[in-house]
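Those protein sequences? They're chains A and B, same order as listed. The first sequence begins at 1 in this note's numbering and counts up by one. The second sequence begins at 334 in this note's numbering and counts up by one.
Hint data in this document are derived by calculation from the structure and do not stem from the laboratory. Beta carbons are placed, not taken as given, at the ideal position from N, Cα and C, and that holds for glycine. Hints may be right or wrong, so weigh each one.
[Said to hold, decoys possible] List time: in silico EDC-like cross-link candidates among lysine to aspartate or glutamate, alpha-carbon distance up to 20 Å:
id	chain 1	residue 1	chain 2	residue 2
1	A	Lys144	A	Asp218
2	A	Lys126	A	Glu11
3	A	Lys3	B	Glu462
4	B	Lys510	B	Glu631
5	B	Lys510	B	Glu462
6	B	Lys346	B	Glu476
7	A	Lys267	A	Glu34
8	A	Lys73	A	Glu129
9	B	Lys581	B	Glu602
10	B	Lys397	B	Glu462
11	A	Lys177	A	Glu11
12	B	Lys459	A	Asp218
13	A	Lys126	B	Asp551
14	A	Lys3	B	Asp381
15	B	Lys346	B	Glu665
16	A	Lys156	A	Glu143
17	A	Lys268	A	Glu63
18	A	Lys126	B	Glu462
19	A	Lys144	B	Glu653
20	A	Lys3	B	Glu407
21	B	Lys652	A	Asp48
22	A	Lys126	B	Glu653
23	A	Lys296	A	Glu34
24	B	Lys459	A	Glu74
25	B	Lys336	A	Glu143
26	B	Lys336	A	Glu320
27	B	Lys585	B	Asp555
28	B	Lys477	A	Glu129
29	B	Lys629	B	Asp555
30	A	Lys319	B	Asp381
31	B	Lys459	A	Glu129
32	B	Lys336	A	Asp75
[What the hints assert, rightly or not] Residues from chain A shown here face chain B by an in silico Cβ test under 7 Å; the list is partial:
id	residue
33	Lys3
34	Val9
35	Tyr102
36	Met192
37	Gly193
38	Pro197
There are 2 protein chains.
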Amino acid sequence: MLKGHQTWVFESKPVILSSAAVGGPFEAQGNLAEDFDILHEDLWLGQDSFEKAEKKMLEEACEKAIEKAGKKKEDIQFFISGDLMNQIISSSFTARTIGAPYLGIFGACSSSMEGLSLASLLVDSKSAEYVVAGACSHNAASEKQFRYPTEYGSQKPPTAQWTVTGAGAVLLGRNGKGPRVTSATIGRVIDMGISDPFNMGAAMAPAAVDTIEAHFRDLNIDPSYYDVIATGDLGQVGHRIAGDLLIKHGLKIPPEIFTDCGILIYKKEQPVMSGGSGCGCSASVTYGHFLNRMRKGELKRILIVATGALMSPMSYQQKESIPCIAHAVSIEI
Amino acid sequence: MLKGHQTWVFESKPVILSSAAVGGPFEAQGNLAEDFDILHEDLWLGQDSFEKAEKKMLEEACEKAIEKAGKKKEDIQFFISGDLMNQIISSSFTARTIGAPYLGIFGACSSSMEGLSLASLLVDSKSAEYVVAGACSHNAASEKQFRYPTEYGSQKPPTAQWTVTGAGAVLLGRNGKGPRVTSATIGRVIDMGISDPFNMGAAMAPAAVDTIEAHFRDLNIDPSYYDVIATGDLGQVGHRIAGDLLIKHGLKIPPEIFTDCGILIYKKEQPVMSGGSGCGCSASVTYGHFLNRMRKGELKRILIVATGALMSPMSYQQKESIPCIAHAVSIEI
């Protein structure tokens with residue numbers, strides 16, 4: 001049910017029956033290693049291309065989530081997924097493996113919460129009983145497609161971010177035990193004219209702020225409602241800008257509850273510049289770390305605000321600025 | 334509400350308040366020229382790149398649909414769109430222009446009906462009052478991205494298809510007059526091992542057949558229920574294969590009601606090999622031609638089965654076969 005301008009309230013509160021996170025070798029050295037279900041020592045996952053490795057991670061995340069819920073592939077009625085690869089091949093080839101009716105989505109790094117929003121809508125509207133939503137990214141596959149092959153060793157500015165090698169998936173159902181999705185705020189495209197692909201955090205921060213403001217306005221609640229409000233992958237630079245913008249707009253989020261998946265995932269000594277990014281960042285941190293903390297009773301209500309930069313190498317080459325978006329999903333236990 | 338395994342029945346029957354189709358110079362010489370709202374003589378639409386021309390077509394289709402319904406951009410609560418460009422930039426940049434909360438989707442040429450299915454679900458579940466769904470493609474932008482720049486003059490086999498330069502959009506609402514969306518069957522990924530990107534019709538035909546069968550099984554009706562059953566862009570080659578496969582599976586669709594958007598859009602003498610293709614094919618033919626015929630009273634019930642080939646140039650280069658999908662939407666007046 002629509003509340004306000006852009007927030008869906010899920011009256012039946014769809015249940016996250018299970019979730020899984022898969023990561024690469026760099027994530028295994030990170031801050032949240034313990035929250036991953038599967039960690040790979042090999043960046044290639046034994047595949048002959050980084051693209052196939054990315055797909056394999058997503059397959060593993062989905063299969064793990066299905067297994068953890070005690071379900072089978074055949075029980076899954078719909079699969080919703082997105083990723084950064086051209087024509088979202090990681091998601092579509094995973095859909096072939098899963099075999100369920102499939103809705104491909106693209107919201108760049110916001111795909112994780114776009115997928116969870118739609119999956120929740122399907123369950124809440126009785127259009128499905130069991131839905132799997134997933135998202136993934138692979139550092140080397142992304143560098144190759146969006147920037148330069150890593151072999152070039154090109155230098156990056158401190159505002160740049162490190163694409164997470166990771167995948168996350170949830171299995172959503174109508175009944176059962178687990179954290180529940182209570183609402184989703186679908187974001188508008190916000191473009192402040194930034195065109196530097198090495199400063200995505202700054203480009204995406206206004207989109208995150210726009211969606212966060214919309215969420216609290218639509219639901220008529222304030223930030224104290226949540227134990228954690230986490231942006232997707234703004235990194236250090238973008239997260240600071242988002243905090244400043246929120247204060248400017250009169251919305252004070254206490255710093256102890258306001259965080260960012262891209263800041264949390266790596267250790268300070270890891271050379272990730274401003275922090276982590278990619279569809280796999282908010283997907284693995286939410287579906288691994290945050291949901292684990294909820295299940296342990298450490299967190300009761302969280303708001304995940306996944307951010308996405310909707311440009312392509314082509315739009316950048318054609319001197320376009322970066323249109324950005326953020327979708328926020330509220331999860332409660 | 335889910336019926337059977339993969340079909341949503343929309344109890345409130347969301348109304349198509351308006352629709353619009355935009356085409357290029359080649360479409361202006363085609364079979365359905367009269368059904369386009371806007372036809373461009375200039376393949377560039379006065380832009381400095383084919384990508385920007387594609388985006389402009391989609392913007393025009395959306396703006397025209399909004400105008401025809403007597404609405405304003407500000408009335409649109411959600412915008413759902415997909416296209417073939419890497420990172421669906423045509424849709425995302427159009428979302429920036431429209432300004433509504435945005436859900437980016439990717440189902441290759443099935444994006445038109447994936448978008449209409451989701452838009453209908455949003456309206457039916459009271460998650461929105463007014464939603465615009467769109468899709469587009471541009472022949473030269475697609476050739477450049479997926480094949481060779483047109484300047485190379487590369488030869489094509491007779492099984493190849495011609496990407497439509499076109500865009501289509503609908504404005505869906507809860508109340509009002511117009512054709513109504515009654516159900517949607519979401520397709521599974523079907524991959525029969527075909528890897529020739531110059532024979533997409535043959536690759537996609539089994540996916541179309543799978544979804545058509547699922548539609549009739551889930552709703553427990555037979556093909557005679559419809560005045561027209563149109564596949565998205567199988568072309569001559571794929572459409573013949575689909576017809577044969579359906580007969581093999583015991584589902585006889587009378588040839589006089591079974592057609593294909595990619596066959597209908599161009600004249601026989603136009604050099605399009607097997608027929609039209611691209612997200613703009615089923616979008617412009619459905620949102621222009623078919624809906625016009627419904628409004629004139631010539632058709633009462635139609636089923637549009639938009640087909641999509643979910644590969645990328647990268648997956649082809651890596652010797653993967655082509656995973657295909659089809660989503661079917663039933664429209665009645």
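Do the hints match the structure? See the list:
1. A:Lys144 / A:Asp218: 40 Å, violated
2. A:Lys126 / A:Glu11: 11 Å, holds
3. A:Lys3 / B:Glu462: 11 Å, holds
4. B:Lys510 / B:Glu631: 17 Å, holds
5. B:Lys510 / B:Glu462: 14 Å, holds
6. B:Lys346 / B:Glu476: 38 Å, violated
7. A:Lys267 / A:Glu34: 13 Å, holds
8. A:Lys73 / A:Glu129: Holds. Lys73 of chain A to Glu129 of chain A sits at ~13 Å (cutoff 20 Å).
9. B:Lys581 / B:Glu602: Violated, at about 32 Å.
10. B:Lys397 / B:Glu462: Holds, at about 19 Å.
11. A:Lys177 / A:Glu11: Satisfied, since the Cα-Cα distance of roughly 16 Å is no more than 20 Å.
12. B:Lys459 / A:Asp218: Distance ~15 Å between Lys459 of chain B and Asp218 of chain A Cα, so the pair holds.
13. A:Lys126 / B:Asp551: The hint holds at about 15 Å.
14. A:Lys3 / B:Asp381: Violated, at roughly 41 Å.
15. B:Lys346 / B:Glu665: OK: Lys346 of chain B and Glu665 of chain B at ~9 Å, within 20 Å.
16. A:Lys156 / A:Glu143: At roughly 12 Å apart (the allowed maximum being 20 Å), Glu143 of chain A and Lys156 of chain A satisfy the hint.
17. A:Lys268 / A:Glu63: 32 Å, violated
18. A:Lys126 / B:Glu462: Cα-Cα ~19 Å, so holds.
19. A:Lys144 / B:Glu653: Holds, because 19 Å separates the two Cα atoms, which is no more than 20 Å.
20. A:Lys3 / B:Glu407: 17 Å, holds
21. B:Lys652 / A:Asp48: 11 Å, holds
22. A:Lys126 / B:Glu653: 36 Å, violated
23. A:Lys296 / A:Glu34: Answer holds: Lys296 of chain A to Glu34 of chain A is near 14 Å, not above 20 Å.
24. B:Lys459 / A:Glu74: 30 Å, violated
25. B:Lys336 / A:Glu143: Violated, because 43 Å separates the two Cα atoms, which is more than 20 Å.
26. B:Lys336 / A:Glu320: Violated. Lys336 of chain B to Glu320 of chain A sits at ~44 Å, over the 20 Å cutoff.
27. B:Lys585 / B:Asp555: Between Lys585 of chain B and Asp555 of chain B the Cα gap is close to 9 Å, so the pair holds against 20 Å.
28. B:Lys477 / A:Glu129: 42 Å, violated
29. B:Lys629 / B:Asp555: It is violated: about 25 Å lies between the C-alpha atoms, which goes past 20 Å.
30. A:Lys319 / B:Asp381: 11 Å, holds
31. B:Lys459 / A:Glu129: Holds, at roughly 19 Å.
32. B:Lys336 / A:Asp75: The hint holds at about 15 Å.
33. Lys3: This interface hint is violated because 10 Å lies over the 7 Å limit.
34. Val9: Since chain B brings no Cβ nearer than about 9 Å to Val9 of chain A, farther than 7 Å, the hint is violated.
35. Tyr102: 6 Å, holds
36. Met192: Since chain B brings no Cβ nearer than about 11 Å to Met192 of chain A, farther than 7 Å, the hint is violated.
37. Gly193: 11 Å, violated
38. Pro197: Since the shortest Cβ distance to chain B is 12 Å, the answer is violated.
Going through the hint list in order, the structure does not satisfy hints 1, 6, 9, 14, 17, 22, 24, 25, 26, 28, 29, 33, 34, 36, 37, 38.
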